[in-house]
Amino acid sequence: MAEKARGIGKKFFFVPYGIANQASFISGIRIVACKSLVETVKVLTGGEKI
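For the sequence shown, numbering that gives the first Met the number 0 begins at 0 and goes up steadily by one.
Be aware that one or more of the hints could be misleading.
Derived Cβ-Cβ restraints for the label pairs, each shown as a range [as the list claims (entries may be wrong)]:
#1 46 with 6: 24 to 32 Å
#2 4 with 36: 17 to 25 Å
#3 45 with 9: 16 to 24 Å
#4 7 with 43: 12 to 20 Å
Distance condition first, Cα-Cα at most 35 Å in a straight line; then the derived DSBU-like pairs of lysine-lysine [as the list claims (entries may be wrong)]:
#5 48 with 3
#6 34 with 48
#7 3 with 41
#8 34 with 3
#9 9 with 41
Simulated from the structure, these hints should not be mistaken for laboratory data.
No residue lacks a Cβ here, since even glycine has one placed at the ideal position from N, Cα and C.
The task is simple: from the sequences and hints, build the whole structure.
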């Protein structure tokens with residue numbers, strides 16, 4: 000899915016914290032690992048830095 004996101008021009012891709020290492024092998028897109036949906040929303044709304 001991260002490769003597909005990169006292919007359509009996305010700059011960031013959010014993944015569960017537990018699989019961040021697997022996703023980090025994909026170049027050309029920044030992988031953002033989040034521990035919860037709440038954390039993801041905070042990042043997306045500017046409440047937490049990535």
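Checklist line | Distance restraint hint 12 to 20 Å, applied to the beta-carbon atoms of residue 7 and residue 43 | finding: For residue 43 against residue 7, whose Cβ atoms are near 18 Å apart, the range 12 to 20 Å holds.
Check: Holds or violated: residue 3 with residue 41, Cα cutoff 35 Å?
Finding: holds (24 Å)
Next item on the list: Can you let me know if the beta-carbon spacing of residue 46 and residue 6 is within 24 to 32 Å?
Entry: holds (29 Å)
Note to self: Can you confirm whether the C-alpha distance between residue 34 and residue 48 stays at or below 35 Å?
What the structure shows: holds (14 Å)
Note to self: A range of 17 to 25 Å was offered for this pair. Does it hold for the Cβ distance of residue 4 and residue 36?
What the structure shows: The hinted range 17 to 25 Å holds for residue 4 and residue 36, with Cβ atoms some 18 Å apart.
Notebook entry, point to check: Taking the beta carbons of residue 45 and residue 9, is their distance inside 16 to 24 Å?
Noted result: holds (18 Å)
Margin query: Check whether the Cα positions of residue 48 and residue 3 lie no farther apart than 35 Å.
Written below: holds (25 Å)
Item checked: Satisfaction of hint between residue 3 and residue 34, Cα-Cα up to 35 Å -> Status holds; Cα separation ~22 Å.
Notebook entry, point to check: Is residue 9 within 35 Å of residue 41, Cα to Cα?
Noted result: holds (19 Å)
Every hint from the earlier list agrees with this structure, and none is contradicted.
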